[in-house]
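Make the full structure from the sequences, and use the hints.
Protein chains in written order, with our numbering: chain A, -19 to 302; chain B, 166 to 839.
Misleading hints may appear alongside valid ones.
Which bits of chain A does chain B cover? Going by a derived footprint, with three or more residues having C-beta under 8 Å, they are [what the hints assert, rightly or not]:
| no. | segment |
| --- | --- |
| 1 | 29 to 40 |
| 2 | 56 to 64 |
| 3 | 87 to 96 |
| 4 | 109 to 120 |
| 5 | 156 to 164 |
| 6 | 200 to 207 |
The calculated lysine-lysine pairs, modelled on DSS-like cross-linking and capped at a C-alpha distance of 30 Å, are [unchecked claim]:
| no. | chain 1 | residue 1 | chain 2 | residue 2 |
| --- | --- | --- | --- | --- |
| 7 | B | Lys809 | A | Lys34 |
| 8 | B | Lys323 | B | Lys719 |
| 9 | B | Lys719 | A | Lys30 |
Worth flagging that the hints you see were computed from the coordinates, not collected in a lab.
Ideal Cβ placement from N, Cα and C applies to all residues, glycine included.
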Amino acid sequence: MTAQLASSIFCVLLSFLLAPLLIGVINRVKARMGGRQGRPLLQLYFDINKLLRKAPVYSHTTSWVFQAGPMLALATAVCAVCIMPYSGFSAPYAFEGDFVMLAGLFALGRLGLILAALDTGSAFEGMGAAREALFSAFAEPVFFLGLAVLAHASGSMSISNMISSVSAEAWSSNWSLYLLLILSFFLLLLTENCRIPVDDPNTHLELTMIHEVMVLDHSGPELAFVEYAAALKLWAFSLLISGVLLPLPYNPLFTPEGALGPYGFLGIAVNALCSLLVVFLIGIFVGLMESLMARLRMDRVPQVLTLAGSFAGLAALALWRA
Amino acid sequence: MLILYTILFLLLGGAVLSLLLGSRPAALYTAAGSVIAASVMGFTFSLQLLLAGVTLSGQLPIPLPLGSCLFTVDPPAAVFLLPVFLISGLAALILPSRMMGLNAGIGDQLAYGRHCFFFCTLVLGMVLVLTAADAVFFLISWEVMSLAPFFLLSAHDKDGKERYAAWIYLVAAHLGVLPLLMLFADMSVEAGASGFYALAAHGAWKKPGLLFVLALVGFGVKIGLFPLHVWMPESYPAAPGHVAAVLSGAMVNLGLYGIIRVILLLGPPEIWWAYLLMAVGGVTGVLGIFFAMAQSRLKRVLAYSSAENMGIICLALGSGLLAMLHRADLASVLFLGGALLHMWNHAVFKSLYFIGASHISHSTGTTTINHLGGLHKRMPFAGACTAVASASLAGAPPFNGFMSELLLYAGFVAGALATAGTDSNLLFWAGLFTLGGIAGFSLLCFARVYGLVFLGAPRSSVVLQGQSAGSDWRFVMGLLTALCLVMSLAAPRLFLTLQPALFSFSANIGLPLPLLSEDSFAHVAGLLGNVAIGCVFLSTVLLALFLYRRSLAKRHPAETGLTWDCGYRFPTARMQYTGGGFAEFPAGLLRAILRPRIDQPGLSASDNPFPRAAAARFESPDWAAELWREKLFNKISRLAGKAKIIQQGVVNLYILYILVALLAALVWALGWPS
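Below, the structure written as structure tokens:
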């Protein structure tokens, strides 16, 4: 077990541990902006713990698909976090072409939740499933385009290499490309993780729900799986944005064989802390956006996705002419 | 070659024997037996050929009016032969029970013998098309293959709609042969011989671009390229399960084989061929999935989705040509290998879906999505198999659809990297975007179809007639489902099996070598291997979660109740989302492309104070079919109507016509200078 692999696995375990804290940070920011004290930062941990110890209630209409959906969502989110690297590290499951695997895993998780929602035979959940399917159908090509632009800019097809190529030198020579990519990925984060302005994670009104309404009938451990999977997915997207955002100077942390490099444990700690800091800053920013904006009308949401696509397309053009 | 002749003889023998046996059930078993035997032999034969990478040739001393009975099985043909044999064999397994089941509800004697004769002829025609090495022989086999489904589709010829479906199929098949006739006639006249070897050895063609376009149009009708796809949504729903599986899983690939063969015969491809293939493939894929999303009947969705997948393969083929022309080695391997792998995968999951859909339509009597729902409680096995097919079609890991689409995505990125700074770079970006859009919408489409048909509560009482499939159907569906998973995990090995075919393609295409390298293949196989490991890891995590869930369930057993639905206490099945409801928002957003017809009556002032009953209608017609009908067929039929004046029904007039014709012939024979 090389030092590189050990630190990658450590980073993944850190992600599993800290993902619910990100949701807590977002909720605390929203509460403070609203003049309230807000729930504890660790509330999602308490919720998941409580839900795991409850007995679920299933509807007569549902079947094995209803129970399989949340498990699929969580399994794919876990695997997705194993593909996402921290800045300067490489993910434990990294290979050339893993960006397609990432998109495919998200698609599978989404498919599981959509089918679980349709399994309940309720109009509400069908509505959520239809909306979620449509918005992610628009988001998918944009996601691929953004990742492909990043692959082209870094010359490699592995997300770990893509992120480690985003250094201060790359930023200074091609800042417009990375800025456009960040904007595009941020809008995708809002869409895929059901944040304002695409969806409101707090309300339970028909007009304003997509993800929340899909998981209305889940209870007990299934709901725990769904909530934790949502936290992991948000963490994965935030890691992606933090990877593109952090202009750390190119300091190899490991030797080509995988042993500890010239910067030792201090370098590893600094890199990991910087990534975590930027992830939580993204969380704070999302919280601010949720507090200062209202959710868009439903037929404006494709315009948000078109905007994300335009940013990615402009990034591709910036690369073409570079 | 002896094996090939044996296969052909088996199929021909099965056809004739079952025709002689007439309406007896023994005809069904004879045909099924001969097709299964031929398929088993053929599958092993083609697999051996492909693995060895050799080309076999032969000739039968059967006199043809033009050309000769030349056979060649080379690696590209072997690649296409494998799904033909697999799907035909599996379809033949369910042929007896399907045909006997058809008779059970109708009461009139269906001509089993006739159906089996044409089924064997269809398989025979497909094998002949793939192994023919002579242009005239190819055309004859193409005709045989195209005509046979007409008779298979008209099993219920008392039903007007089924007659119409068979009729549309016949018209499309024949109109498609016309460009092929022109193409092969031109090529044979120019080269002086009609054998494929002679055509390949011919140097530079006078108008290769025109020949390529003729091939694209002629074979495009069979593939379902837009706007030539209009026969598919009408014909596929009318076909019984086994026929639909063969049509969509095996026959549609032959159009691809035709295009590949013509590209190989025409010498070095020009760059606009790649552009054209990419454009046509992209448009077909996008429009196919948009139309599929808005259909209200299950089999029509599957037909449009076949067109969409063929569009993806054409897009991949065009991109592969473009990569080859730019000498981008890795990208070419990824595209061409991905196209062929996607063809194999599509054969498996599409025929699985059609067999499942046929089972539904057979037991419940309908495939309208708005009448179904909650079917998986009535047919759990078919439901599970269709779930796997839906996930594969949507391109979700760990199934095989994801593997081939992965190759295409990686190909687009590799191609963009290899052509950095040129205009083709933008084309690869556009292709990636198109493929991503198609994949996203196919997830929407198949989540809709599977969710509304199998999940939820029954929307009408026909669902209660649904029943589990018989053991032969279960075997076939189970085998295809297992293949979906196995082909995904064994994707590296499958990809390496395609290697001889790709090398043969690159060797004969006429561009200066070397075009593909061994370590690109190793690289791609490594990529697929990593993804397969990831799929195994995903399954492990899923299994761990499942065991954890079970241990939790033991401690806190579940209760059952009504669907909570945010607190509404009286849910009914009619409150569920319908097919139209699911598709309404996307169809509305894409209304410029889809042109749906939405008929929503508003309230009028005369409805004071209580509004009367009204009806809303949401329809998504195929505007390409309507355009063909208006601009071409209706005009021709009007012209033909005017020509009816010749037919007065008076014998004296007809004798006058004969007299006039004879006089004209006499004048011509005597007065024309020789």
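Among all the numbered hints in the text so far, which are the ones the structure does not match? Per hint list: 5, 7, 8 violated.
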